[in-house]
Every structure is written in C-alpha cells, then in structure tokens.
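All chains, full assembly: derive it from the sequences and hints.
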Amino acid sequence: YPNPFNKNTTIEYTLNSSQEVSVEILNALGEKISTFAASEIQTAGKHAYHFSSAAAGIYFVKLTVGDASTMQKLVSIQ
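For what it's worth, my numbering labels the leading residue of the sequence shown as 4, then goes sequentially.
Read the hints as simulated data drawn from the structure, not as lab findings.
Model, not experiment: these values are computed from the prediction.
Note that the Cβ used here is the ideal one computed from N, Cα and C, for glycine as well.
None of the hints are false.
Pairs of lysine-lysine, DSSO-like flavour, derived with a Cα cap of 30 Å: (1) K35 with K65; (2) K49 with K76; (3) K49 with K65; (4) K10 with K35.
What follows is a set of in silico ranges between Cβ atoms, one per label pair, in the way DEER data are often shown: (5) S20 with A59: 33 to 43 Å; (6) D70 with T38: 12 to 22 Å; (7) A40 with K10: 15 to 25 Å.
See below:
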C-alpha cells in the first residue's frame, strides 16, 4: 500500500509458520531490480519492506514462500 504509489510504498505479508521466503522486485521487462529477502527463513507473523522506485512505471513484486509464489503489480506515478 498504497498502489498506485508516488515514489514509496510498503510491501506487507503475513506468515502462518516459519517458512523460507524470497521477495523480489521486477521491472516491466521482468528484470530483477531489488531483492528484500533471498531464500531466508522467516518467523511466523507480519513482515514489511519499504520500496522506493527510481522512476515512474510498472513494477512487479514476486513473493515466494516455500514452493508457492505469487506476483502483484505495483504502479509508480511519480
């Protein structure tokens, strides 16, 4: 939140149990531009990362927990 955002946004997620987690930010071409967690074990509970975009555009956040992953679009409107 917020999405769309103006330069800064927060990526939040909650884990039900300790899990291996990766959080990556990709640009519109699918290129990795930032990694917040890289296959690290995180405890159960709420986690948050702050992302600041360098330019306006479309970004994607890829969250991988164990063997499952999800992707969400982020829109920067600087």
